[in-house]
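Enquirer: Okay, here's what each chain looks like letter by letter:
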Amino acid sequence: MIYSPFPMRVVSKRAEAPGVNTLKLEFVKEEDHEFFKANYKTGMFGLYGIFGEGESTFCVASPETRKEYIECTFRQSGRVTSTLASVDAGDIVTFRGPYGNRFPIEQFEGKNLLFIAGGIALPPTRSVIWSCLDQREKYRDVTIVYGARTVADLVYKNELDEWKKRDDVRLVLTVDPGGETPDWQDHVGFVPTVLEQAAPSPENTIAVLCGPPIMIKFTLAALQKLGFTAENVYTTLENRMKCGVGKCGRCNVGSVYICKEGPVFTAAEVQAMPQADL
Amino acid sequence: MGIQEQYRSEAAALLSSGEVKLVIGFGAGSTADRRRPLFARTPDEAQKFVLDAACIANLSTYLVTEGLLSDGKKVAVFLKPDGIRSINILISEAQLKPEQVVILGYAIENGKEITPLEGRNISDFSIGEQIRSLTPPPHILQEAERIEEMSATERFEFWKEHFAKCIKCYACRQVCPMCYCRRCIVDVNQPQWVSTSSHTLGNFEWNLVRAFHLAGRCAACGACDRACPVNIPLRLVNYRMGKEVIDAFDYCAGENSNQKPVLASFKQDDPETFIL
Amino acid sequence: MTRILLRNKLDDCIAAWQKAGFSVLAPVRRHEMSSFGEVQKASDMAFDLVLPERTIKDHFFPQTEPLIKYKISKHQIDSETMTPPDQKRVFFGVRPCDASGLAIDDPLFGWDYKDDYWFKRRENSVIVTIVCTEADDFCMCTSVKLSPDSAKGADVLLRPLLNGAGWQVEAVSERGTALLETISPLLQENSEPTAPLPQVAEKFDVEKVMEWLADPASFESQFWKDIALRCVGCGSCTFLCPTCHCFDIQDEGDTYQGIRRKNWDSCSFANFTMHTSGHNPRNTQSTRWRQRIMHKFNYYRGKFGVNSCSGCGRCTRQCPVDMGITETLQAISTLPR
Chain C
1 MIYSPFPMRV VSKRAEAPGV NTLKLEFVKE EDHEFFKANY KTGMFGLYGI
51 FGEGESTFCV ASPETRKEYI ECTFRQSGRV TSTLASVDAG DIVTFRGPYG
101 NRFPIEQFEG KNLLFIAGGI ALPPTRSVIW SCLDQREKYR DVTIVYGART
151 VADLVYKNEL DEWKKRDDVR LVLTVDPGGE TPDWQDHVGF VPTVLEQAAP
201 SPENTIAVLC GPPIMIKFTL AALQKLGFTA ENVYTTLENR MKCGVGKCGR
251 CNVGSVYICK EGPVFTAAEV QAMPQADL
Chain S
279 MGIQEQYRSE AAALLSSGEV KLVIGFGAGS TADRRRPLFA RTPDEAQKFV
329 LDAACIANLS TYLVTEGLLS DGKKVAVFLK PDGIRSINIL ISEAQLKPEQ
379 VVILGYAIEN GKEITPLEGR NISDFSIGEQ IRSLTPPPHI LQEAERIEEM
429 SATERFEFWK EHFAKCIKCY ACRQVCPMCY CRRCIVDVNQ PQWVSTSSHT
479 LGNFEWNLVR AFHLAGRCAA CGACDRACPV NIPLRLVNYR MGKEVIDAFD
529 YCAGENSNQK PVLASFKQDD PETFIL
Chain P
555 MTRILLRNKL DDCIAAWQKA GFSVLAPVRR HEMSSFGEVQ KASDMAFDLV
605 LPERTIKDHF FPQTEPLIKY KISKHQIDSE TMTPPDQKRV FFGVRPCDAS
655 GLAIDDPLFG WDYKDDYWFK RRENSVIVTI VCTEADDFCM CTSVKLSPDS
705 AKGADVLLRP LLNGAGWQVE AVSERGTALL ETISPLLQEN SEPTAPLPQV
755 AEKFDVEKVM EWLADPASFE SQFWKDIALR CVGCGSCTFL CPTCHCFDIQ
805 DEGDTYQGIR RKNWDSCSFA NFTMHTSGHN PRNTQSTRWR QRIMHKFNYY
855 RGKFGVNSCS GCGRCTRQCP VDMGITETLQ AISTLPR
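Protein chains in written order, with the working numbering: chain C, 1 to 278; chain S, 279 to 554; chain P, 555 to 891.
Don't read these hints as lab results, they were simulated from the structure.
All values derive from a computational prediction rather than experimental measurement.
There's no promise every hint is true.
Interface residues of chain C toward chain P, partial, derived using beta-carbon atoms under 10 Å [what the hints assert, rightly or not]:
| id | residue |
| --- | --- |
| 1 | Ser4 |
| 2 | Ala15 |
| 3 | Ile92 |
List time: in silico EDC-like cross-link candidates among lysine to aspartate or glutamate, alpha-carbon distance up to 16 Å [as the list claims (entries may be wrong)]:
| id | chain 1 | residue 1 | chain 2 | residue 2 |
| --- | --- | --- | --- | --- |
| 4 | P | Lys699 | P | Asp780 |
| 5 | C | Lys260 | P | Glu677 |
| 6 | P | Lys779 | C | Asp277 |
C-beta: ideal position from N, C-alpha, C; glycine also.
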């Protein structure tokens with residue numbers, strides 16, 4: 001029935017950054033897993049919950065090429081996320097989804113890919129990054145620009161190392177001024193500035209941009225300066241949600257329901273929304 | 279010149295001299311017998327003010343709107359004695375600065391006669407005596423007495439039937455000048471003190487929490503009672519709580535603005551009958 | 555010749571429906587409030603109401619609805635999906651605006667994901683609409699292109715007879731036809747004239763309103779700030795609205811067990827869209843009122859081809875500060891352009 005979640009077993013919990021955790025979840029019931037495998041595409045989101053506390057909305061951070069588990073990464077802030085952060089391996093949580101639209105990665109084939117993420121917004125980007133890297137031959141140059149406030153705030157540190165080592169991925173890492181440690185080897189500066197310095201070519205390139213609103217705003221300006229068109233920049237929007245399926249009436253920006261028509265939009269689509277409602 | 283014209287020109291003068299930035303009064307409503315709150319920022323807009331016996335709402339509730347008075351400027355407001363009483367309570371609870379409020383006072387007598395009240399600053403009004411002797415309208419009093427005579431079980435049933443109707447629209451809270459908390463206890467979810475569900479138990483929780491929060495603070499304006507879309511006689515609840523506080527602490531909320539809130543003060547001779 | 559149901563047959567009619575397995579709900583006055591409630595006999599019904607204070611929506615989308623029962627123990631959670639009761643119901647004496655409200659909400663609750671809680675109740679219910687013979691100052695069905703005798707959302711349409719003795723009866727759906735079969739011995743052929751419809755003046759030009767709302771420039775108009783100044787931000791207009799459908803999902807219980815519930819929520823409330831981060835896309839009462847109007851007369855139409863308002867007027871009738879859709883739309887339709 002609608003609103004009834006799937007029970008999920010916690011396989012592992014990994015601390016990513018202060019207050020940020022990743023949960024690896026497996027389906028308790030095979031039929032639920034089959035449903036997920038048949039329906040999940042990168043970019044979709046779910047409602048993660050704990051009975052007694054409620055549900056909270058975030059993306060599926062694992063790629064569509066790896067559907068054995070669901071991974072989710074979240075910052076501990078409200079009632080639900082605080083409880084989710086306290087679970088241990090073996091505990092049961094819930095998942096409802098996958099909901100929403102997706103990144104049309106088959107349309108990205110044969111193109112250069114530029115991924116840009118800020119802070120805790122790497123998870124949605126990471127889902128699409130791995131979905132593409134797992135089929136690396138279909139895409140041309142892959143560039144990842146990722147920034148966080150401090151070195152400690154960078155998430156998926158192991159994967160950053162892995163991407164750094166690969167010669168078919170260009171990884172540009174940065175932290176905000178003051179956020180570097182003495183042994184920090186990468187960039188210091190805000191994402192838009194570092195992006196402009198890295199100067200990826202807009203030629204035949206799709207950009208995927210996820211981050212806090214202020215970062216999106218300035219990074220979009222930087223992308224436009226570099227020659228990207230708003231139609232070739234994809235992003236995700238997040239709003240408070242309760243149902244996830246277009247009924248509860250709160251996640252819309254103007255006439256657009258983030259849960260049904262999103263969360264993935266091109267920058268052009270976002271610009272067409274009433275900005276005061278974002 | 280009738281009181282309506284007199285107050286229109288006074289409101290216009292306050293605005294044109296720049297003494298106040300805003301006048302909150304009444305305008306014509308959607309039907310002949312309705313009046314609605316009207317906000318005038320220019321002398322022209324002040325000409326739309328209506329003042330007659332249908333102007334019963336307590337407009338002081340708008341004074342605690344977030345940010346309204348944060349610029350230090352003054353606001354004028356049309357108030358009946360219950361509104362003036364609200365101002366006294368709000369000042370005593372440090373929610374308003376007396377110098378920011380200009381009062382255009384009026385009283386409605388016999389439900390139809392409307393008379394101006396002397397004074398413009400809260401200190402000009404001495405309503406203490408009046409409040410103590412103010413009894414609720416006869417039908418409320420009668421009903422209050424009827425409930426008083428019920429057995430505990432009957433009384434519980436009476437309130438259960440009424441609270442069962444509650445839909446948690448929070449109109450009672452939103453129109454109440456004393457419900458100025460930026461974050462109401464029902465909106466706190468860590469922990470969830472009060473259930474958000476609108477079933478009978480959840481409705482009891484909400485209505486009792488509100489009744490307790492208003493004990494010794496209610497101005498008896500009846501706004502909650504009038505606002506309730508499902509006709510819960512909220513005035514009865516608040517009347518009873520107010521009476522309790524008068525009896526126990528000889529404290530009547532809003533007699534003047536120098537009062538120390540009863541639940542925030544301690545006297546050697548306070549009754550301690552509730553301590554087991 | 556048409557069929558009529560006489561008032562003095564109503565008790566038999568209720569009995570026949572009960573015998574056929576239906577519970578019968580009709581407008582009632584109970585505990586100083588009018589609403590739809592279960593009735594046993596005709597005298598329980600309040601026929602003199604222009605409109606009950608509460609909408610029929612309450613019985614399809616209740617203010618609190620249990621979704622899932624759960625029990626928690628270490629490494630083990632048992633949950634059980636709860637479903638609405640199977641009870642078949644006849645709603646007798648529904649006003650056209652309330653019945654239309656149900657039909658307006660159907661596409662939303664069916665939008666890709668079917669809300670079983672709504673549809674199970676819809677499927678179990680037969681709507682017997684009684685055409686209006688009276689309207690009050692707040693009625694505005696004609697302004698939203700409905701009428702006091704609209705059959706929208708109805709299964710059976712009753713037209714009051716001029717002599718007050720009963721109603722002309724017409725089935726307007728298959729479910730309605732089936733319901734009338736259960737009382738066919740109680741109906742009689744007759745050609746009594748029916749009572750005239752009330753005059754419900756058009757209060758605004760809804761086409762003009764829709765046109766203005768559709769203009770992207772209107773979104774940031776000063777108009778919203780001015781009109782919403784006196785809104786106190788309660789939820790009465792939304793909770794009494796036959797089409798407002800927004801809800802919250804909340805868990806309620808103790809450490810070991812509880813119930814997940816679907817509770818009414820309102821776009822008027824500041825918390826409605828508040829992010830955990832503290833960011834609130836609709837952080838003022840004017841942006842929330844704009845959302846309500848836009849949702850009803852622009853967004854909903856765009857998605858489902860119909861405005862989300864059936865013109866009952868409860869929003870204004872019950873508003874503590876005399877606001878409402880009528881005033882707002884009147885003001886919009888007379889804006890200079």
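Enquirer: Give me the numbers of the hints this structure contradicts, sorted from smallest to largest.
Expert: 2, 4, 5
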